[in-house]
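Based on the sequences and whatever the hints tell you, model everything.
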Amino acid sequence: MHNLESPVSEFIGERHPEPVSVADTVARAAEVLRQNNAGCVLVADDGVLRGIFTERDFMKRVVAPGLSCSDTKVGEVMTPDPESLLKIDEVAWAINKMAVGGYRNIPVVEAEGKPLGVVGAFEVIDFLDEILEDTLAARGADGDDAGEDQWHDVGGG
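Final position of the sequence shown in my numbering is 651; the numbers increase by one with none missing.
Since the hints were derived computationally from the structure, they do not count as laboratory data.
It is possible that some hints are incorrect.
[Said to hold, decoys possible] Below, in silico cross-link-like pairs of lysine to aspartate or glutamate (EDC-like), each with a Cα-Cα straight-line distance of 16 Å or less:
id	residue 1	residue 2
1	LYS608	ASP575
2	LYS581	GLU504
3	LYS567	ASP551
4	LYS581	GLU499
5	LYS591	ASP575
6	LYS591	GLU512
7	LYS608	ASP565
8	LYS567	ASP539
9	LYS591	GLU577
10	LYS567	GLU525
11	LYS581	GLU604
12	LYS581	GLU606
13	LYS608	ASP539
14	LYS608	ASP540
15	LYS567	ASP518
16	LYS554	GLU570
17	LYS608	GLU499
Now the structure itself:
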């Protein structure tokens, strides 16, 4: 049964593509996004996360200023050194980072910085839906409070 203490590695988005390089063109990154129907692609060099390139980066940093997709390198317009999660971080921590930072996507990395994937807002919503379904199923038809032990008070008022 899933809960908010589950590690993010349990639901890293499967639709996120392999990372692109900082030396790749924006045209290449845009094609990777299109082929994978993804909202972002991780940017890595030497197997280490260097940045993230999102649809929003594309619109604000490439299209709006009129840059050439075939001449502009991803490294010039990506979001460098993005906030990231370790694969062992809890779902609750991912939700906190997303809410506080206003992120739709957060990279997930190994301890040494190797990119593993992305946790996106839609994956979080689907995961929370599973938790709620599990909770309702645990309550049973009689509406008792079985399953309440999966929740705990994290403070905060």
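Structure-based check of all given hints:
| no. | hint | verdict |
| --- | --- | --- |
| 1 | LYS608 - ASP575 | holds, 13 Å |
| 2 | LYS581 - GLU504 | holds, 8 Å |
| 3 | LYS567 - ASP551 | holds, 13 Å |
| 4 | LYS581 - GLU499 | holds, 12 Å |
| 5 | LYS591 - ASP575 | holds, 15 Å |
| 6 | LYS591 - GLU512 | violated, 23 Å |
| 7 | LYS608 - ASP565 | violated, 27 Å |
| 8 | LYS567 - ASP539 | holds, 13 Å |
| 9 | LYS591 - GLU577 | holds, 8 Å |
| 10 | LYS567 - GLU525 | holds, 14 Å |
| 11 | LYS581 - GLU604 | holds, 6 Å |
| 12 | LYS581 - GLU606 | holds, 11 Å |
| 13 | LYS608 - ASP539 | holds, 10 Å |
| 14 | LYS608 - ASP540 | holds, 9 Å |
| 15 | LYS567 - ASP518 | holds, 6 Å |
| 16 | LYS554 - GLU570 | holds, 13 Å |
| 17 | LYS608 - GLU499 | violated, 23 Å |
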